[in-house]
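Q: Sequence:
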Amino acid sequence: MVDAADVNALSFEKALAELEAIVAKLEGGNVPLEESIALYARGEALKARCDTLLKDAEARVEKITLSADGRPAGTQPLDGE
1034 MVDAADVNAL SFEKALAELE AIVAKLEGGN VPLEESIALY ARGEALKARC
1084 DTLLKDAEAR VEKITLSADG RPAGTQPLDG E
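The opening position of the sequence shown corresponds to residue 1034 in the numbering used here, with each subsequent residue numbered one higher.
Some hints could be false.
Pairwise CB distance ranges (calculated) [what the hints assert, rightly or not]:
#1 Gly-1061 x Ala-1106: 51 to 57 Å
#2 Glu-1077 x Gln-1109: 49 to 55 Å
#3 Leu-1099 x Ser-1069: 30 to 36 Å
List time: in silico DSS-like cross-link candidates among lysine-lysine, alpha-carbon distance up to 27 Å [to be verified]:
#4 Lys-1088 x Lys-1047
#5 Lys-1058 x Lys-1080
#6 Lys-1047 x Lys-1058
#7 Lys-1058 x Lys-1096
To be clear, the hints were calculated from the coordinates, so they are not data collected in a lab. Glycine included, C-beta positions come from ideal geometry on N, C-alpha and C.
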């Protein structure tokens, strides 16, 4: 069973690194069926964590706006184009 609290405590970088390790292990094909199922479930939880963190980061990204003379004048949401 996947420990959601454990996954939710991971940073994006740690979750992604663990997910990449799981993918490599599963692609190797030398994992017993039960372990493969557990790894797959953990991988799904890690993928969801990465997706959540990326969406949160995208929501915080802003585009710098420039004044007529080319100087930074403020910010606006990135999707405001």
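Q: With reference to the structure, classify each hint as holding or not holding.
A: To see whether the hints hold, each was checked on the structure:
Checked against the hint of 51 to 57 Å, the C-beta distance between Gly-1061 and Ala-1106 comes to roughly 53 Å, which is consistent with it. Checking the proposed 49 to 55 Å range against Glu-1077 and Gln-1109 shows it is violated: the Cβ atoms sit about 35 Å from each other. For Leu-1099 and Ser-1069, the hinted distance range of 30 to 36 Å is not satisfied, since their beta carbons lie about 53 Å from each other. For the proposed pair Lys-1088 and Lys-1047, the alpha carbon gap of about 17 Å is at most 27 Å, so the pair holds.
For the given pair, Lys-1058 sits about 16 Å from Lys-1080 by alpha-carbon distance, which is consistent with the 27 Å threshold. Annotation: proposed proximity of Lys-1047 to Lys-1058 holds, straight-line Cα distance about 17 Å (limit 27 Å). Between Lys-1058 and Lys-1096 the CA atoms are separated by roughly 39 Å; this puts the pair beyond 27 Å, and the hint is violated.
When each numbered hint is compared with the structure, violations occur for hints 2, 3 and 7.
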